[in-house]
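Enquirer: Residue numbers (the numbering used here), protein chains in the order written: chain A, 103 to 434; chain B, 129 to 509; chain C, 4 to 335.
Since the hints were made in silico from the structure, they are not lab data.
A quick note: this is a predicted structure, and the numbers were derived from the prediction, not measured.
All C-beta atoms in this analysis are idealised placements derived from N, C-alpha and C, irrespective of residue type, glycine included.
Certain hints may be false.
Unchecked claim - Quick partial rundown of chain B residues pointing at chain A, CB under 8 Å, derived from the structure: (1) Phe148; (2) Thr149; (3) Gln152; (4) Gln397; (5) Ala402; (6) Ala403; (7) Leu405; (8) His417; (9) Ser421; (10) Tyr425.
Unchecked claim - Reference excerpt, derived from the structure (chain A facing chain B, CB under 7 Å, subset only): (11) Lys196; (12) Leu204; (13) Arg258.
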Amino acid sequence: MSDDVLIRARDLSVHYPLSGGGLFGPKPVVKAVEGVNLDIAKGSFFGLVGESGSGKTTLGRACLKAAPITRGTVQYTDDEVDYQLTTIDKVQLKDYRSRSQLIFQDPYAALSPRMTVRDIIAEPLEVMGLTKSREETDERVREIAEKCRLNLEHLRRFPHAFSGGQRQRISIARALVSKPHFVVADESVAALDVSIQADVLNLLKEIQQEMGLTFLFISHDLSVVAHVCDHVAVMYLGRLVETAPTRELFNAPRHPYTKALLSAIPSLDPDDAGKAQKLEGEIPSPTNPPPGCKFQTRCPFAIDICRVDEPKLEHSSSGHEVACHRWQELMD
Amino acid sequence: MTDQTNTPSAADQKLKEAYFTASQNQLIWQRFKKNKSALAGAWVLIFLVLSGIFAPFLTPYDPTIAGRDKDYLNGAPQIPSFCDDNGCSMRPFIYTTERTRSIKTNFRWVTETDTSLEGRRYVEFFTEGSSYKYFGITFDTHLFGVDKGMIHIFGTDSTGKDIYSRTLTAINTSMAVGTIGVFIAFVLALAIGGVAGYYGGWIDSALQMITDTVRTIPSIPLFMALAAFIPDVWSAEMRFFFISMVLGLIGWPTLARRIRTHLLTERNQEYVLAAQLCGATPRHVIRRHLLPSFTSYIIVDLVISFPYMVLSETALSFIGLGLKDPVNSLGVMLQNVTSADVLLNYQWYFIPVIFFIILVLAFVFVGDGLRDAADPYSDHK
Amino acid sequence: MTRLLDVENLTLQFDTDEGRITAVDDVSFTLEAGEVMGLVGESGSGKSVTAKSVMKLNPSNAIYGDKTKIMLHLESGSIDIMSLKSSKDLQVVRGGAISLIFQEPMASFAPAITIGNQMVEQLMIHTSMNSKQAQEFSIEMLDRVGISDASTRFKQYAFELSGGMRQRAMIAMALSTKPKLLIADEPTTALDVTIQAQVIDLMKDLVKEFGMGIIFITHDLGVIAQTADKVAVMYLGRLVEQGAVRDVIRNPAHPYTKGLLAALPSLDDLDTPLTPIPGDIPSPLERPPGCVFNTRCSANLGARCSSEIPGFSPVSDSHTVACHLYNEEGAK
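Work out the full structure, taking the sequences as your base and the hints as a guide.
Expert: Dropping the structure here:
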């Protein structure tokens, strides 16, 4: 139990009931997240990658208690408080909300078109009652707007006046105005142009260092994650399949899915066609997952045990864990 | 090649800044103004509504039996002219008409027009006439009248009531009925649709079932049943309120459904989630996000509901189940229109219909214009 | 290789409430049969509009420039696209000689009609097949694009297929009329990276087999590097650089292209920081005078760049760039 883990998830599971199903049998569920064990260290920029149906967004929301936790625990520990998210009461939850925030993906949907930028950024302060006067609120809004490189003149404008990149910065300012400790960035640069993406990513890193924040960075884009995160976890169909420090994950991936994911990224070198294997088949639907290891339907290395037994996360090297029956044999 | 002189002038900058700092409602208003047909519709609507409100002033006579012209039954419209064979005059005039019968006409009543100079009756403005009240103050000036006798620019009906006066007051009545009906429907729809949309889940399902049930009841038989229950002893005014209430009670499901949809959509917006993730109370969410988003859509829905109320009332009154004399609406005016006599000989009975078509169309144009202006998708990217 | 498409001086403006917006400004390029051309750009670059102009698919408030000339060269003769006015004339070209694939496959399939019926309908419009022949051919095409169990899928609706399969079905539908030119508008952007890799491979195979020309529109330079033979880079409606894909990516000439490549997080080099292109993409309502990129260009020469539109200069045999830095003899 090290002191500097901010978020500790054990056997975290989020199941959603499906409509339909018999009146007499067990109701079918979608296991959006199943049995996830995760440690997010304080001050880290933790990356969470996966494709559709991986459950990464749901996991992020569960860590914020914005998704119902069906099973397992999530522990939040900072210098001042220690909360067990599955058992906290209303007062503690309210406090937790001021310590944790979410940055959304779509900069066009995340800002109310009817509020000025100043009001949008000030809303968390007002809702949480963190400031006592209008002047104080304005002061804090100005402070964070400057940090996010927003022109102070623009605070009285409405969202329709801004481009995607600028809106995302407003979104970030809103998330940070309450000085949280933990921020979940859910695909926060996916909707932005490439030249703007780099700008927003640099901003996030800068702010993280300045304010000492811990980030959970959710993305489907491995290249982006490789550049900004210090630790990465890979998800597939609700399960964590591999987690490692960034360099190690990209230089020496151990799980077949991670390897395939990395080789699927189109390289900028026109002559560099297809390093390792390309995956065949479709991603199974989360409502109907295959038995055993969830990846076995597409895994080129699947053997009998994979179809029956779901592998658990095993320790591979320092900070590096893999959930695969054959990871040792498949090591290059 | 393209024009590249894009150094922004001060005026351009001001316009841009105005656009950037314009709130959602201001933007909607801007867009609405650009829509020519909607704007025209709005002017027509304002004009007609004002005509209805100021009907007692604008019309020369009392629209009820009290103001009838016994000498000019089923009379054709009398259009004032400026010139005739006897020369022109500065003031517009009409001719004296007289009903006589004699041996010459086989004892049938005929109307004779005296087109001589003496037979002229000049139209006067701001004449004195029957009195009417606004806010307790009695007035008796009317916009125009005639020095002798009466003037009927839209003609008269079988009892001699001036159709022009009746038309304007009918507009007023129909608008009043529509307003009350829309108000009642709105209050009910807000309560039911609001709760359904805000809470969702089983509350929503239950309320939806009720809403759909009421909606599927066929309205005409329902109207007829309710109207048949009205005791004869009720005064015209009571009848008026009752009919308006009935319209509201039948009209709420459509509005409720719309309110529910707006709320459900709005509730799932990401910025609402952002507020909730800060610990916002439902009160805050409703006040800060749901209600403001709501108002622009609801105004559209209300405007569009209006013509339905007006037409429903017209239909009811036409078949005799709605309003009755002396309360006067288009439906009431059309009650006697179905005889062949009228259709063949007294076509001016239909003039009010033109007014109502214009009124309903104006509502529709304005409603459509508002809806297009408030469309969220034209705002995106 | 035979010339398939000639686009000369394509200029397109839209008449909107806010004024006349220039979406495409004097764009010229050529395409040979069997060649894949990548059209790269960010938001507001005009790449989609350019491609749609080839089929005259732009909305009715689009105004083409006077000198705009688009010639499609088929075996049966050359067609002057600009001269085709009625939708009847255009029907020969649209869906027949030229096919279009969209980004969002859900948007291009009618939700209430089965995939099979839509494919058959298209075939019956553009070819002389009867309904039975069209059905057999469609099932064959579905199989050809890698959709397993094609005869069952033929009878299904769009929502019953996964994203990757829908995209393949769309490719099947687009190719069933054996078009000479395929326009693919961000076909893989909405797909997971492992599925994207499959679809890219599929398209490369089909190009070889059918010998069509493809205009591949995307913002993803990695995808272009893997699929295209030549690439054209667009910014705010102007073509800024064109050339063989190896040349442009390995040896970018235009400051924008360089900036774009530098801003891309690449897995090959995790140590270099991400360098965004400074500033924001100007709105099409506020196109800068002179060179459209001058407001964000670090190599801005001053007065010349902000007043004079640069013409094309050669960088090498098949590589041209529109930049004043290359205009002078011996400069840079």
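Enquirer: Each of the hints needs a verdict: does it hold here or not?
Expert: Evaluated hints:
1. Nearest Cβ of chain A to the Cβ of Phe148 of chain B: about 3 Å, under the 8 Å cut. The hint holds.
2. With 8 Å as the threshold, the beta carbon of Thr149 of chain B comes within range of chain A, its nearest partner Cβ sitting at about 5 Å, so the hint holds.
3. A hinted interface residue such as Gln152 of chain B counts as satisfied when its beta carbon comes closer than 8 Å to some beta carbon of chain A; here the least separation is about 5 Å, so the hint holds.
4. At about 7 Å, the closest approach between the beta carbon of Gln397 of chain B and any beta carbon in chain A falls short of 8 Å, and the interface hint on this residue holds.
5. Annotation: Ala402 of chain B was flagged as interfacial toward chain A, and the flag holds, the nearest CB pair being 6 Å apart, inside 8 Å.
6. With a cut of 8 Å, the hint placing Ala403 of chain B at the interface with chain A holds, because the nearest CB-to-CB distance is about 6 Å.
7. Hint status for Leu405 of chain B: holds, given a least beta-carbon distance of 6 Å to chain A, under 8 Å.
8. Proximity of His417 of chain B to chain A holds as hinted, the smallest CB-CB distance being about 6 Å (cut-off 8 Å).
9. At a threshold of 8 Å, the smallest CB-CB gap from Ser421 of chain B to chain A is about 6 Å, leaving the interface hint in force.
10. Evaluation of the Tyr425 of chain B hint against chain A yields a violated restraint, the C-beta minimum of about 12 Å exceeding 8 Å.
11. With its C-beta approaching chain B no nearer than about 5 Å, Lys196 of chain A sits inside the 7 Å limit, and its interface hint holds.
12. At its closest, the beta carbon of Leu204 of chain A sits 6 Å from a beta carbon of chain B; the interface hint therefore holds under the 7 Å criterion.
13. Hint status for Arg258 of chain A relative to chain B: holds, with the closest Cβ pair at about 6 Å, below 7 Å.
Going through the hint list in order, the structure does not satisfy hint 10, though it satisfies all others.
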